[in-house]
Structures are given as C-alpha cells and as structure tokens.
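Engineer: Numbering (UniProt numbering), first residue to last: 1 to 377.
Any given hint might turn out to be false.
What the hints assert, rightly or not - Each pair of labels, with its calculated beta carbon distance range:
{"hint": "1", "residue 1": "SER168", "residue 2": "VAL99", "range": "17 to 25 angstroms"}
{"hint": "2", "residue 1": "MET372", "residue 2": "ILE104", "range": "17 to 25 angstroms"}
{"hint": "3", "residue 1": "ALA301", "residue 2": "LYS205", "range": "24 to 32 angstroms"}
To be verified - Taking lysine to any residue and the SDA-like style, the derived pairs with C-alpha atoms no more than 25 angstroms apart in a straight line are:
{"hint": "4", "residue 1": "LYS114", "residue 2": "SER129"}
{"hint": "5", "residue 1": "LYS276", "residue 2": "ASN261"}
{"hint": "6", "residue 1": "LYS277", "residue 2": "GLU258"}
{"hint": "7", "residue 1": "LYS190", "residue 2": "ASP306"}
{"hint": "8", "residue 1": "LYS277", "residue 2": "ARG100"}
{"hint": "9", "residue 1": "LYS205", "residue 2": "GLU219"}
{"hint": "10", "residue 1": "LYS25", "residue 2": "LEU72"}
{"hint": "11", "residue 1": "LYS190", "residue 2": "VAL125"}
{"hint": "12", "residue 1": "LYS205", "residue 2": "GLN187"}
{"hint": "13", "residue 1": "LYS25", "residue 2": "ARG100"}
{"hint": "14", "residue 1": "LYS358", "residue 2": "SER295"}
{"hint": "15", "residue 1": "LYS269", "residue 2": "ASP220"}
{"hint": "16", "residue 1": "LYS190", "residue 2": "LYS358"}
{"hint": "17", "residue 1": "LYS358", "residue 2": "LEU51"}
{"hint": "18", "residue 1": "LYS277", "residue 2": "MET71"}
{"hint": "19", "residue 1": "LYS358", "residue 2": "ARG329"}
{"hint": "20", "residue 1": "LYS358", "residue 2": "TYR294"}
{"hint": "21", "residue 1": "LYS114", "residue 2": "MET52"}
If you are wondering where the hints come from, they were derived from the structure by calculation, not from laboratory data. Ideal Cβ placement from N, Cα and C applies to all residues, glycine included.
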Amino acid sequence: DEAEPGEETTGQEVIVIQDTGFSVKILAPGIEPFSLQVSPQEMVQEIHQVLMDREDTCHRTCFSLHLDGNMLDHFSELRSVEGLQEGSVLRVVEEPYTVREARIHVRHVRDLLKSLDPSDAFNGVDCNSLSFLSVFTDGDLGDSGKRKKGLEMDPIDCTPPEYILPGSRERPLCPLQPQNRDWKPLQCLKVLTMSGWNPPPGNRKMHGDLMYLFVITAEDRQVSITASTRGFYLNQSTAYHFNPKPASPRFLSHSLVELLNQISPTFKKNFAVLQKKRVQRHPFERIATPFQVYSWTAPQAEHAMDCVRAEDAYTSRLGYEEHIPGQTRDWNEELQTTRELPRKNLPERLLRERAIFKVHSDFPAAATRGAMAVIDG
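Whole structure, please, built from the sequences with the hints as guidance.
Structural biologist: Right under this line is the structure:
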C-alpha cells in the first residue's frame with residue numbers, strides 16, 4: 001500500500017524532468033550568436049515568434065530554422081526533433097519571399113513602427129487594448145523601470161484638478177484616459193504605402209517582382225521599392241513613370257528595415273530608439289489581450305497615412321492561418337474536437353486547454369468581423 005503513492009510520485013517527477021527547459025544557441029545573420037531558453041513542449045513556430053519580437057531580430061519574418069543542415073517544420077514540437085538537445089545550434093536561414101510572405105513582412109514592419117502608437121488600442125484593432133500600467137507605476141516594475149536616484153525623491157503633487165472640485169462647470173472626458181509620455185510620436189518615416197503600380201505586370205512577375213511600395217523618408221526623399229522573391233531594393237519608378245530597373249546605388253536587402261537603414265539616416269536612428277523603448281515596456285503592455293477591451297472615450301489624434309489600415313478597411317482579411325485556399329474553419333467542429341482531446345496527464349491537459357482557449361478567442365473575433373461586415377452592407 002505504501003509503494004503506490006511512491007510510484008505515483010515517481011511518475012510525476014518523470015513528467016517534470018521531461019518537460020524541463022533547455023537552452024539552444026541561435027545563429028542569425030548580421031548579429032552575434034545568443035542563447036535562448038526553450039521547452040520541449042514548445043513548437044518551432046514559437047521560436048519564430050520570439051525572434052520576430054526580439055530587438056535585434058524583429059525585422060525578420062521570412063526565415064526558417066535549420067539544425068545540422070536540416071530545416072525544422074514550423075508545426076513540430078521541439079521534443080520530436082531528432083538531435084535537438086542542450087547546447088544545440090539553430091541557424092536562421094533567409095527564405096525566398098512569396099506575395100503572402102511579402103505582405104506579412106510589410107505588415108510586421110508597420111506594426112513595429114506603430115508599436116508605441118496607441119491609436120490601434122483606442123480603435124480596438126487586432127486585439128490591441130489600452131494599458132496604463134506604466135502611467136501609474138511610473139516605471140517601478142521590472143528591471144526596465146530603474147530610475148535615477150535623483151528622481152526617486154521628487155515631490156508628488158496631490159492637488160486635485162479644478163474640474164473635479166465642487167462648483168466646476170466643465171467635466172472633460174480626456175483626463176479619463178491618462179497620457180503616457182512614451183506615446184509621443186517618434187517619426188521614422190513620413191509615408192509607407194502600396195504603390196499605384198501594383199500589381200506587377202506579367203513580364204515583371206517572371207523576373208520575381210511581387211509588389212511595389214512607395215516611401216517618403218523623414219528627409220522628404222521619395223523612393224519606390226520593389227519587393228521581390230530575393231528581398232527589397234530601390235527601383236527607378238516615379239509617381240508618373242514606371243521603370244522597374246534597380247536604382248543606383250543598388251541595395252538588395254532581405255529585410256525592408258535593412259534597406260530603409262541604408263537610405264535614411266533618420267530612420268536608422270529613430271527605429272533603433274523605438275525598438276529599445278518597445279522591448280523595455282512591461283510584458284503586460286506589449287502582449288495583445290485575447291479578450292478585447294474597448295474604450296468608449298478617446299482623445300482626438302492626428303490621422304496619419306497607413307497602407308495596412310486602409311487595406312484592412314476595404315478587404316475581407318482573415319487571420320494568416322485562415323489563408324489556406326479552399327478551406328474554411330468549421331467552428332462547431334473545432335469546438336467539439338478540442339473538448340474531446342485527451343486529458344489523462346499534465347501535458348495533455350495543457351495542450352487541450354491551449355486549444356480550447358485559442359478557439360474561444362478566434363471565434364468571437366471572427367463573429368465580430370462578420371457582424372461589422374453585415375452592418376457595412
């Protein structure tokens with residue numbers, strides 16, 4: 001009788017040992033190798049997401065991970081990868097672009113440029129919700145919130161504002177939304193939008209052209225950029241003349257950010273500062289909430305040009321995982337399938353809860369888009 005609890009304890013310890021994390025080394029082009037802590041239950045795709053969020057690799061989207069020369073499948077678990085162990089080296093290999101991957105890359109660069117802009121949160125776009133954590137903590141949480149010793153003893157003004165005192169005639173709504181000093185605009189580009197020369201003609205598609213972009217830098221330089229299967233480069237097109245030949249000097253960069261760094265010193269400087277501020281924010285402010293929080297008040301903000309926002313407004317855009325041709329998600333089937341997943345041990349329960357949570361997060365988002373489409377006619 002006494003041996004049975006011991007056996008159960010041993011079984012639980014085995015599970016814990018199997019799920020213990022380990023570190024791998026990441027080799028990415030242009031930066032020093034670094035170590036990354038991973039878990040056997042994670043998927044290769046999650047490492048992709050970490051690299052797309054990391055400060056020095058965030059500008060890459062179209063790449064694959066290779067172990068000993070073999071490409072890893074995005075949807076395979078790390079524990080199923082043969083030869084992957086403590087200290088293994090994963091190499092980041094740049095992959096050729098497709099039209100879909102080029103659009104994802106442009107959207108990702110736009111998201112990086114607007115990472116400190118609260119306009120999407122005020123409008124409730126793509127699960128962005130307002131967070132005032134840093135406003136109230138004033139940087140007291142985490143290592144990123146270290147303040148100078150001289151600032152810690154600054155006096156705090158506790159005088160109530162006039163508009164809440166008795167007898168005040170005006171009750172403004174703007175103070176209900178505290179303004180964060182990090183929300184001040186840090187301009188990297190003036191315009192980043194799709195060119196009017198899209199889509200590429202047939203002969204240019206044969207040469208690998210996928211789409212064309214129009215950019216106005218902070219120095220007021222107007223350039224036209226070609227997104228090709230090999231990467232991004234400047235072309236000689238203007239607003240009224242189409243010339244897809246590469247412009248001089250010839251910069252071919254696999255990342256749009258690397259190309260913009262070459263042609264705009266202001267972009268290079270401000271983008272580095274912007275990403276440093278982005279990664280220093282508390283995780284509660286950086287991670288999109290699966291349960292949307294909408295604000296019923298919003299301050300009047302400057303309306304800037306945004307090609308991704310314009311594309312989303314006039315196209316029926318689904319999630320990237322829903323772009324599979326000829327396939328539509330059956331929500332009833334997904335809900336039933338996730339509830340029928342096994343839950344005998346801890347890994348199975350975690351996998352089941354993760355699947356249920358994803359379906360219950362995706363379905364309200366899809367239903368909301370559908371309701372908005374019905375109202376828009």
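Engineer: None of the hints should be skipped; say for each whether it holds.
Structural biologist: A quick look at each hint next to the structure:
1. SER168 / VAL99: 17 to 25 angstroms: Violated, at about 57 angstroms.
2. MET372 / ILE104: 17 to 25 angstroms: Cβ of MET372 to Cβ of ILE104: about 23 angstroms, so the range 17 to 25 angstroms holds.
3. ALA301 / LYS205: 24 to 32 angstroms: violated (39 angstroms)
4. LYS114 / SER129: Satisfied, since the Cα-Cα distance of roughly 14 angstroms is no more than 25 angstroms.
5. LYS276 / ASN261: Holds: LYS276 and ASN261 sit about 16 angstroms apart, inside 25 angstroms.
6. LYS277 / GLU258: It holds: about 19 angstroms lies between the C-alpha atoms, which stays within 25 angstroms.
7. LYS190 / ASP306: holds (10 angstroms)
8. LYS277 / ARG100: violated (29 angstroms)
9. LYS205 / GLU219: violated (31 angstroms)
10. LYS25 / LEU72: The given pair, whose Cα atoms are some 15 angstroms apart, holds under the 25 angstroms limit.
11. LYS190 / VAL125: Holds, because 22 angstroms separates the two Cα atoms, which is no more than 25 angstroms.
12. LYS205 / GLN187: violated (33 angstroms)
13. LYS25 / ARG100: The given pair, whose Cα atoms are some 29 angstroms apart, is violated under the 25 angstroms limit.
14. LYS358 / SER295: holds (24 angstroms)
15. LYS269 / ASP220: holds (16 angstroms)
16. LYS190 / LYS358: Measuring from Cα to Cα gives roughly 36 angstroms; hence the hint is violated.
17. LYS358 / LEU51: holds (22 angstroms)
18. LYS277 / MET71: violated (33 angstroms)
19. LYS358 / ARG329: Holds. LYS358 to ARG329 sits at ~13 angstroms (cutoff 25 angstroms).
20. LYS358 / TYR294: Distance of about 20 angstroms is within 25 angstroms: holds.
21. LYS114 / MET52: It holds: about 15 angstroms lies between the C-alpha atoms, which stays within 25 angstroms.
Hints 1, 3, 8, 9, 12, 13, 16 and 18 from the list above are not met by this structure, while the remaining hints are.
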